[in-house]
Each structure stands twice: as structure tokens, then as C-alpha cells.
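Starting from the known structure of chain H, arrange chains E and Y on it as the hints suggest.
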Amino acid sequence: MFSYLLRRLLFFVPIVAGVMLLTFALFFMVQSPKAMAHRVLGPKATPKAVELWLHNRGYDKPLLINQIPDQPWHDSLFISQMRRLATFDLGRSDVTGRPLSEVFRQGALPSLLLTVPAFLAGLAMSVGLALYLVFIRNAAADLFASLLCVALMSVPVMVYVIFGQYLVAQVFNYFPAFGFQLNGWSTAKFLFLPIALMIVSGLGADVRLFRALFLEELGQDYIRTARAKGVSSAVVLLRHVLKNGLINLITLVVASLPFLIMGSLLLENFFGIPGLGNVLFTAIQMPDFAVVQASVFLGSLLYLGGLLLTDLCYAWADPRIRLH
Amino acid sequence: MLSVRSLSIDFGSGPARVQAVKDISFSIAPGETLALVGESGSGKSVTGLALTRLLQEPPAVYSGGEILFEGRNVLKMSPAELRRLRGGKIAYVFQEPSTSLNPVFTVRSQIAEALSLHRPEVSDIDAEVARCLDLVGIVDPSKRMHDYPHQLSGGMQQRVMIAMALACHPQLLVADEPTTALDVTVQAQILDQMRLIKQQIKMAMLLITHNFGIIGGIADRVAVMFRGAIVEHGSTAEVLHNPQHPYTKALIGCIPQLGQRRRRLTTIDYSTLG
Amino acid sequence: MTTLPQDWFIKIDALRSAVSDWLTRSFLPIWLPNLAVLLGTLLLALLVWQGNRSERWATAWRRLRGDRLGQAAAVVASLFLVVGSLETVVFPTETGSRTLLQMLLSGIPQEKGYAAPMATHALSVSDPKPLFTRHILGTDALGRDTLVQTLRATRSALWIGGLTSLVYIPLGVLLGILAAYYRGWVDDLVQYLYSTIAAVPEILMLVAILMVLGKGLGTMSIALGITGWVGMARLIRGETLRQMERPYVAAAKAMGQSHWKILTRHLLPNVMHLIVIKFVLGFSGLVLAEAVLSYLGVGAPVGTPSWGTIIDASRSELSREPVVWWNLAAASFALFLLVLSLNILGDALRRAFDPKSNT
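Chains as they are written, first to last, in my numbering: chain H, 1 to 324; chain E, 1 to 274; chain Y, 1 to 359.
Bound-form chain H, shown alone (with noise of 0.2 Å):
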């Protein structure tokens, strides 16, 4: 177990390595950080301002190594932003010049407050309305479902959005169409509709998928077993069917579970709550660079977490799987 952990951890240090390396190569040596200047100044910026603009950030250091006499090598815009990193320290926002992992802290928890009921009250969903499907075993419902499936996956988040903000908001006037505040249970209020929302774009998609998982635990050799012992349909399904299909799901669902934490960037960007997805909304239209490249480092690091997380899960749900 514990090897299990070394070999995986140091499988992840070459992996961020190559992230870091990316996005800096992306963000620095693509553009230029003059480039980067213009576009936040705007194109007509004297060059006075677009250097204090450097030098405040610290853009105006070399590139890769440090050649000026006098200063140390190590003094580059590389070196200096990849032990930045490394220490998880993720800078100051190129905009507001506030540190981003305040900002990163004071975005989660109405990112969480979002998604994570989102997640659990879509996922008891799909996994109910495909254990449904299974049970009936109805040609005509099951042709019908799986259209609808289709048809729900095909529909982009932001036209849900739309409609149902314009629908339930404005039309029916039952809910906040827009806006937040943590302010106790009275937050459900402005919540409501975006985890509504949430669940219902990605139903179709997990329904769907759920549905195929458990039809094919059901051909398996033990389900005929099962009933030949006398066991009922509906024990069948929700207790031999229901577990061995919940294993596979694991691989498929926990993964994701980090990323709960970085919020919806439309949903959020919609409705107006002050989550990651947000922040990083509000980033792309600035533009500032700081922020999308610390979420970049910041999502990677929280999808190695998700690997390590699934394996984990898995080796302790499923019996036949031991971690060494």
C-alpha cells in the first residue's frame, strides 16, 4: 500500500513537471510578456506604462536563464515562477494584484455549496432512473429514454440556462433569477436553480451511461445464478446488479470529484455567484493571465488527485483489487 502510494506519487512529479513547463511555454514564450501587456492595456499603452506594468509583475525578468552581469542565473522568469509553484505559492492576480490563493479560498465555498449537491442529488438520479430502465425491461420506454438521453446531451448548458432562468425566474417569478449571499439557509434560495439546472445538462449524458453499465452487469454468468437460487427481480437488481455496477461507476464518477471544488464556469458566471468558476469567468474576460495560469497548475494537481482518489476507492470497494 504504501510503495502503492510512492510509485503513484512519483509517476505525478514528471506529469505536473510537463504542466508547468506547458503552460509557462503557453503564457511566456508564445507571447511575449510585452504582448500580454498590450492586451491588458489596451494597444495604446506608452511603453512607460507597459514597463511598470512588467516590472510590477515581475514579467520584465529574462526568459529561461539570467545573463546580466552581475545578478544571479537563477534570477529568470522561469526559475523564479516554477519555485513559486512548486512551494504552492499561486501569486498575485495580474488585475487586482491580490494573492490568488485568497481569492482561490474565498472562491470554494460557494463553488462547493453548488456543485456539491448537484452532484449528489444528479447522481442518486441517473443511477435510479437507469436502474429503472433496466427493471422494466420495456422496448417502447426504453427507445424513448434513450432518445430523450440524446436529446438532453444535445442541448448546451447555456440554453438551459437561458430558458430555465427565463422560465422559472422571470415567468413564474418562484426563485432569485440572479444573485447571492451566504447568509445560512436562506442561500438555498439562490442556489435552487443553478443545482436544478446542473443536474438536469448532465442527466441525459449519465442516465445514459449508468444504463449501459448496469444492462451489461446484468447479462453477466452470476445474475442467472441469482435467479436460479430464487432470488426476486428487484433484489437481483439492487443488490447484485446495484454493487457490481456501483464498482465500475467508481472509475467513471470519482474522478471528478475534485473538480467540484472549481465550480461551473457558465452557471456560476450566470446566476452570479461568487465561486471559482467566476473567477476564472471574469479572468478570461479581462484578460488576466495570473489567474488562468494558476488554475491551470491548480487543475492539474486536483486531477492527479482524482486518479489517486479512484484507485483508492476501487482497491476498497472491489474485493479482487489489492494496491501494491
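Calculated from the structure, these hints are not laboratory results.
Certain hints may be false.
Taking lysine to any residue pairs in the SDA-like style, the calculated list, with each CA pair at most 20 Å apart, reads [claimed, not checked]:
1. H:K243 x E:Y148
2. H:K243 x E:V104
3. H:K61 x H:G91
4. H:K61 x H:A35
5. E:K76 x E:Q56
6. Y:K129 x Y:G113
7. Y:K253 x Y:A313
8. H:K44 x Y:G214
9. H:K48 x H:D60
10. H:K243 x E:G217
11. E:K22 x E:Y270
12. H:K34 x Y:L15
13. H:K243 x E:K202
14. Y:K112 x Y:A72
15. E:K143 x H:A255
16. H:K34 x H:I15
17. E:K202 x E:G217
18. Y:K253 x Y:L178
19. E:K89 x H:R224
20. E:K143 x H:R320
21. Y:K261 x Y:A250
22. E:K22 x E:G12
23. H:K243 x E:T106
24. E:K143 x E:R131
25. E:K76 x H:S232
26. E:K89 x H:P319
27. H:K34 x Y:G113
28. H:K243 x H:A255
Every value quoted in this text rests on a predicted model; they were computed, and no experiment measured them.
The following block gives chains E and Y in isolation, referenced to the frame of chain H:
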């Protein structure tokens, strides 16, 4: 006890409909063993599953005949009655033990599930599970029952399958190719074990196999299936020594005999069988 | 230690702006789109012709002909393809170049502002002027016919789908098949490359690349291609590894066939159907991605009609009085219809190629 009368089973519908079992009849008396022999695709496994309506409907359609168990027609039973029949009165052992046991439950919980369905009066489940495992020759059953199927060898897994089938004292055991997936030495052990159990408890058996070589000494009577129909039916000794139907003759001819010098294995020439 | 020369940035900036100018230009050289349409048509014809020669493809083709739903989806997707091609073929005229679709629909006049579907008067409370003609789906803020704009936006979706496929399919197939065939360090390298790309959440990667490269259909295709090849490479690597265990590969090797021949004559044809299925399903994902990215403001440039930008613009239209809903509805429905038909077609192809299905 069990009597199948002109049973026919179709698969599919419309122009794609095929008849898998054609108008077959046989019966099994209490304590008797009938071997149902035929090559793959001859409809013998379908017949075995049909005895408790285990075939998936659709595509399967019971198009004619009846299956009488203790005088009652299985094809007309309610789902609840069928569930009492399955495992309780008629139990199954399947071909592939490695996939027929649920990989995520322990041996104990899989046997206990059968016990809870058909023998709810059993209070000490652990003792009963251990007794069943002991019956099929598993050493140290109180320890082994906490294993998962993947921790056991193929032969052990099949023993567990048999133990699970016997746990609820069925009147009929349907053994569908119980030894085909196993090594030859393990095959012999499992067959010996089944023979032993047959002597200990009074239970009828339907042994479904493609292999004439294994039925001697275990089956009382033999029915030979070919293309969905029973083409020959008689006592084991009779059929083995004096086969009437050309297909039976051909099948028996295929068993390699020790000490016989033959260059080639015999094959069946289907063109002569019609 | 050497470092980059001083004029690195000057050179790279010049190169970058030249490339991104070329990529983001809304009007490519006049012959290029025409050529693309021609080549695309030829490619499709080649695929269908080639398909009839292999038994697996012939079986799939026969099954597909029995699949009504799949056929209907294919017809709808083809209609979109035709519309997108009409909008792509460009003719030079005196007042600048115009597309074939624009010329065909030039009879529809432009109004002064919003008009509701089938209305006779402009949508203005204070000054409802009579319109030149009725518009089936109304007009947008600039008085352009909504139906025409929606049809024209098909081009962006198809270009993104097509161009990106041109980037990610060859890349993914090549790397996937090579990794599985040569194993060893080639496999390690390819796996490292795609693990690294996959380690960055896709939307972040896309946004980062597009922020740096700038808006445009070309840059969007490159960005989507960079993130998209990973899935293809994984799929092809896995399937090729499975094929490598088949005796026919060992037989070909034993007969002394060259690596190139084994790769192109034996392995590639055996994974080709997966590529086609992935292409169709991936296309629907790309169309959706185009709309989302354009909506986020990092996608289609200003002046290029795109369903994403129409949907973005229509957000504010919903809060107008009276409500302007037809632009949103038309763009959403067109987008939905194309993605739906591609998804259904992809599923139908998957069923048709599945050896387990026996109809």
C-alpha cells in the same frame, strides 16, 4: 416428480424466429439421475433453464407443451411460486464457476442468501453454511466461507456452486455442464463428489453434458438431444452399448478410448444425419 | 549555457501575429474554402467506396440501411452539411466576395431593426413601421433575417468540426497506433504526452490556449485539436494493442512484411470503424464546444455568424419588452438539431459496427 410433455421453445419473433426445442418429452422420478446429452446448440441447456422458466422472455417463447413438477404446470405458475421453486425445489449448477459466482460477495453471503429465501427457519447460518461446504469436500469450511470467489481455485468454486445448490435441500439438481470448464483431474474429483453426495442424500438430478464419457456410473437413464429434439432415450447401459440412432452412435464413437490405436479422432458426418 | 537570442521575441511575435492573422481572418483566401468543400466531398465519396470493399463495412452498411432512425439522422446531418458548404463556397463580386448561400438568399431584404416572426410591422412600441416583407423567423437587432443568419452560422460549426477533426484525428491515430505497435519508449513517450495534456481540465486548457492565440475559427480548431487528440490516441492505442494479440499480426510479421505495410494494410483498416464512429460523435461535441467557447467570448470572432454568439447576444433580448425570443430559439434549435442528429448517427454507426448485435 418432474414430467416434461411435448415442450417446444422458440426464440425471437417474426421471420427471425427459430425453434430451439422441438416437442420434447421426458420425466425424472425422485432420486433418479437423467443425463441429457448433445452437442452445443442442440437445445439441452435451454431445456434445463426452461424447467424453472429461467429463460429471458423475450426473446424466448414457450410455444407448446407443459412442464409438470409434482403435478403442477411450471409454465402457469405465478412469479412468487416460481421463486419458491427456483433454488428451493429445483437448484442449478452452471458450467463456468468463475463467472457464475458473484465476485463482490463472500461465499458465505451467497449461500446465506439462498438459505434466507428457502429455509428461513435456519438460525445459525454460519454453522449451516459450514455444513454445506463440508458436504462438498471443502476443507476448513468455517474459514473458507469468508473468502471471495476469486480467492478460490476453479474446482473449489464449482464445489461452492454445488454447496449453494444443495443448501436448500432441492428435490432436483440441474447440473448444466458442471465439469466442462475445469481441468481433467478436477473434473474427475467433482464427478466423484457428486456421486458421493447422491449416495448420501436422496435427490434427483438432470445432468446436462456434451460428453458421453462422464455419464457412466452417475446417470440412470440417458436422453440424447439433436437439433432441438430428443432422438434417443433409454437406460445408460442400453444407450452406451447399443445405440440406435446414427447420431448417438456417432457421438459415442467420438469418445477416445484408452488403448485403442487410431490415427485420427472420429468426427461426425452431418450430411448422413438428415 | 546558451540562451535565446535577443531578437527571439521580435521573431516569435512576427511569426505569431502572421500565423494568428492568417488563422483568425474571417475571409480566407478565396480558393481555399472552395477547395476544402471539394476535398471534403471527395473524401466522403472515397470513404463510402472504400467501405464497400471490406466485409465488416459492407455488413455495417447493410445494418445501417435497416436503421430508420440512423438514416433520418444522416439525412438531417447531410442537410446541414449542404447548407454549410453553400455558405463556404465563395464568389468574388464587385462589392466584395459573397458566399453561394448569400447569393441564393439575396432576395430577402434587410430591415431596420427587430421584427417578430411573420410580423408585418417592425417591433417597436413607439414607431412600428411597415416592413419590406414578412420574415418567417423574424429579424435580429440589425434587421437581418433570423433564418438566414441561423443558416449562415452553420458554417462556423462545420468548420470547427471539420478543421479540428483534421488536426486531432491524424495526430491521435498516428500516436495511438505507433505507441501500441512499437511499445517501449515510444509508448512511454506517447502516454506521458497525453497524461500531461489530460491533466489539465479541458475547458481551462481551451481557454488558456485561446486567450494566448486570440479568437478565430483557426485558433479554436488548433486549441480543440490539442485537447482532442488525447481521447483518440487512447482509443486507438487500446484497440491496436488488442489487435496486436490477434494471430494475423504475428502471421504478417512472420511473413516478413514491413512495419509500414503491417501498420497500413493490417492494423489501420481494423481500427478504421472506430475512427469513423469517434469522428461522428466527436463532431457533435465540437459543435457544442464551438457554441460554448463563442459564448464565453473566446471563440468565433466578431462578424462571423455563430450559434454561440447569437445565443450570447440573445441573453439581453429576453429582458426586452416585448420579449425577443426568436433569435435564441432559432440558434438553439439549429444547434440542437445538428448535435442530436450527429449523436443519433454516431450511435447508429456504433450499433452497425458492433459484432455482438446480430440483426
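Consistency of the hints with the structure:
Note on H:K243 and E:Y148: the hinted pairing holds, with a Cα-Cα distance of about 14 Å set against a maximum of 20 Å. For the proposed pair H:K243 and E:V104, the alpha carbon gap of about 7 Å is at most 20 Å, so the pair holds. For the given pair, H:K61 sits about 16 Å from H:G91 by alpha-carbon distance, which is consistent with the 20 Å threshold. At most 20 Å may separate the alpha-carbon atoms for a hinted pair to count; H:K61 and H:A35 meet this at roughly 15 Å.
With a CA separation close to 16 Å, the supplied pair E:K76 and E:Q56 stays within the 20 Å bound. The straight-line distance between the Cα atoms of Y:K129 and Y:G113 is roughly 10 Å, inside the 20 Å bound, and the hint therefore holds. About 59 Å separates the Cα atoms of Y:K253 and Y:A313, which puts this hinted pair outside 20 Å; it is violated. At most 20 Å may separate the alpha-carbon atoms for a hinted pair to count; H:K44 and Y:G214 meet this at roughly 18 Å.
Taking the CA atoms of H:K48 and H:D60, the gap is near 13 Å; set against the 20 Å cutoff, the hint holds. Restraint check: the Cα-Cα separation between H:K243 and E:G217 comes to about 42 Å, which exceeds 20 Å; the hinted pair is violated. Between E:K22 and E:Y270 the alpha-carbon distance is near 19 Å, which keeps this suggested pair within the 20 Å criterion. For the suggested pair H:K34 and Y:L15, the alpha carbons sit about 15 Å apart, so the restraint of at most 20 Å is met.
Between the alpha carbons of H:K243 and E:K202 the distance comes to roughly 37 Å, so the proposed pair goes past 20 Å and is violated. Taken as a hint, the Y:K112 and Y:A72 pair is broken in the structure, with Cα atoms around 38 Å apart against an allowance of 20 Å. This hinted pair does not check out: E:K143 and H:A255 have alpha carbons roughly 36 Å apart, beyond 20 Å. Between H:K34 and H:I15 the CA atoms are separated by roughly 29 Å; this puts the pair beyond 20 Å, and the hint is violated.
Taking the CA atoms of E:K202 and E:G217, the gap is about 16 Å. The hint holds against a cut of 20 Å. With a C-alpha separation of about 16 Å, the suggested pairing of Y:K253 with Y:L178 holds against the 20 Å cut-off. With a C-alpha separation of about 17 Å, the suggested pairing of E:K89 with H:R224 holds against the 20 Å cut-off. Among the hinted pairs, E:K143 with H:R320 is consistent with the structure: their alpha-carbon atoms are about 18 Å apart, no more than 20 Å.
This hinted pair checks out: Y:K261 and Y:A250 have alpha carbons roughly 13 Å apart, not beyond 20 Å. The straight-line distance between the Cα atoms of E:K22 and E:G12 is roughly 15 Å, inside the 20 Å bound, and the hint therefore holds. A distance of roughly 13 Å separates the Cα atoms of H:K243 and E:T106; the hinted pair therefore holds under the 20 Å criterion. Only pairs whose Cα atoms come within 20 Å are accepted, and E:K143 paired with E:R131 is accepted, the gap being roughly 12 Å.
With a C-alpha separation of about 18 Å, the suggested pairing of E:K76 with H:S232 holds against the 20 Å cut-off. Pair hint E:K89 plus H:P319 does not hold up; C-alpha atoms about 32 Å apart against a cutoff of 20 Å. Restraint check for H:K34 and Y:G113: not satisfied, since their Cα atoms lie roughly 42 Å apart, outside the 20 Å limit. For the suggested pair H:K243 and H:A255, the alpha carbons sit about 19 Å apart, so the restraint of at most 20 Å is met.
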